[in-house]
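Chains as they are written, first to last, in the working numbering: chain A, -7 to 135; chain B, -7 to 135; chain C, -7 to 135; chain D, -7 to 135.
One or more hints might be untrue.
Identical chains blur together in the list; that is why a pair holds if it fits in one copy or across any two.
Claimed, not checked - Listed next, the in silico EDC-like pairs over lysine to aspartate or glutamate satisfying Cα-Cα at most 16 Å (straight line):
(1) K89 with E39
(2) K49 with D75
(3) K132 with E67
(4) K132 with E39
(5) K49 with D118
(6) K70 with D118
(7) K132 with D45
(8) K49 with E86
(9) K4 with D47
(10) K70 with E86
(11) K121 with D76
(12) K4 with D118
(13) K4 with D75
(14) K121 with E39
(15) K49 with D76
(16) K121 with D75
Since the hints were made in silico from the structure, they are not lab data.
None of these values were measured; they are calculated from a predicted model.
4 protein chains.
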Amino acid sequence: MEKNIKTKLKTKPIFILPTRVYYQDTDAGGVVYHSTYLNFMERARYEWMRGLDLDIKSLAQIHRVIFMIRSLNIEYFKPAILDDLLHVTVQNTELGKARITILQHVLRGQITLASATIQVVCVGADTLKLASLPISLRHKFGN
Amino acid sequence: MEKNIKTKLKTKPIFILPTRVYYQDTDAGGVVYHSTYLNFMERARYEWMRGLDLDIKSLAQIHRVIFMIRSLNIEYFKPAILDDLLHVTVQNTELGKARITILQHVLRGQITLASATIQVVCVGADTLKLASLPISLRHKFGN
Amino acid sequence: MEKNIKTKLKTKPIFILPTRVYYQDTDAGGVVYHSTYLNFMERARYEWMRGLDLDIKSLAQIHRVIFMIRSLNIEYFKPAILDDLLHVTVQNTELGKARITILQHVLRGQITLASATIQVVCVGADTLKLASLPISLRHKFGN
Amino acid sequence: MEKNIKTKLKTKPIFILPTRVYYQDTDAGGVVYHSTYLNFMERARYEWMRGLDLDIKSLAQIHRVIFMIRSLNIEYFKPAILDDLLHVTVQNTELGKARITILQHVLRGQITLASATIQVVCVGADTLKLASLPISLRHKFGN
């Protein structure tokens, strides 16, 4: 069922958020702590959604839905370090009935430091159970 | 007014929570990141309150109050490092009508690495305005 | 080459670390923030290695190797919330020449809230390039 | 001794860093977690120093000094919440031989949500003991 509605997005615009590495992002290994990349990625997804006029508060209050991460697959290629200026990308690669697949990269210049594929699901704000993404919101994701 | 009810607690039992330093707690300077001490301290206060049978959920749901930090004064003496086994203390030094003063230390063995004085206030769960600490809870703090 | 040395571990003892959910672990959605699960898991891996007598400092200073996360695949089934007592498991499922595959679960009672498969690699402390896991350390991982 | 060199800075330019509140910054109380304000403040101090051409790496490698927080006094007036656009200020109010006093505010529009006074000390990168701020750096702080 979900397959029918699922769409391989043809045009995949890339949103990019620049972010600086501060002490709070690093660990005693001298590099960015591995879970911090997920925080960088959340910031980028959040700003990407704001740019799509998808306000978190309206989603919860008007549409009664929230987005939750269902799974996350991240690869670490090279470590980011203190003072790095990173660029965190967001690309919506697939849109299901209640699922969104997002591809994200953390770049330093031309070098990809980390990549992640993230499955986000739409759930009822009260039930926390899978809910269809409201039609009025679907087009904002490029559909 | 508040002064009348304020009590310098005579007996000041000390609650102690042991905590290990992991990579997530450190920064590229090779030491525990300065705001992480506040996280260690929250854990200790939380366990201290659980030990006093002050359940956060009951507080909010039954008594309709929550605790918020009003101010915090911390001194850093020596840095904690990766793998340290720390002891975080909690001591309730003063109990006002709606305020609690708490003294906390972070120790490595006999050495005090950091000390903080924290003013916690009791506020209405709905109003977020200052509210008297319910009488039935006061005695749990030793009054 | 690595295949020859790779061993599907027959006995896979499970290490378990209990951990409480504090405010610092949660977000405004009322649940544990998704990257915090990775922090819980690091704590469990760290304590598991300490239990195997694999001291992080000796590794870096004597053996001149450090462990880095190469990839991480996590699934979120149900959210953990404030005050939950969680159990975080660690299981070493595969041991390569320079790679370790680790399976981790975050449990609340009998319920699995999240599961992750983590690829850890052994790299030279100076080079940050892939390095064989020292023989003297291999047996500690059950080989 | 230190008093002689200490200078009440007459002109106190204010550096301002805008910062958005994301889920990672909040807790289950629905507000920004109290230690997160310290992270916001570190980001602002770091960018302020970059703006003064005080590169952290040069400081450590060339001048062999690092800055550490000696004490921090923070007051919380009103909570920041998800999606807030905050402005974090930095003001250097006093410059000692080896100490810098910094005043920071977290603002939402015209409202001050939190204020902190932070004592930063200059220590030897190797000794971690108090060291005079190099003369060549002093003027960058406005002296």
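How the hints compare with the structure:
1. K89 with E39: neither (23 Å within a copy, 42 Å between copies)
2. K49 with D75: between (33 Å within a copy, 8 Å between copies)
3. K132 with E67: This pair counts as neither: shortest intra-copy Cα distance 29 Å, inter-copy 26 Å.
4. K132 with E39: within (14 Å within a copy, 34 Å between copies)
5. K49 with D118: Answer is within; shortest intra-copy Cα gap is 14 Å, inter-copy 19 Å.
6. K70 with D118: Intra 40 Å, inter 14 Å, cutoff 16 Å: inter-copy only.
7. K132 with D45: within (8 Å within a copy, 42 Å between copies)
8. K49 with E86: neither (24 Å within a copy, 39 Å between copies)
9. K4 with D47: neither (21 Å within a copy, 38 Å between copies)
10. K70 with E86: For K70 and E86, neither the intra-copy (27 Å) nor the inter-copy (23 Å) Cα distance is at most 16 Å.
11. K121 with D76: neither (39 Å within a copy, 20 Å between copies)
12. K4 with D118: neither (32 Å within a copy, 40 Å between copies)
13. K4 with D75: Close neither inside one copy (30 Å) nor across copies (26 Å); limit 16 Å.
14. K121 with E39: neither (25 Å within a copy, 32 Å between copies)
15. K49 with D76: between (32 Å within a copy, 11 Å between copies)
16. K121 with D75: neither (41 Å within a copy, 22 Å between copies)
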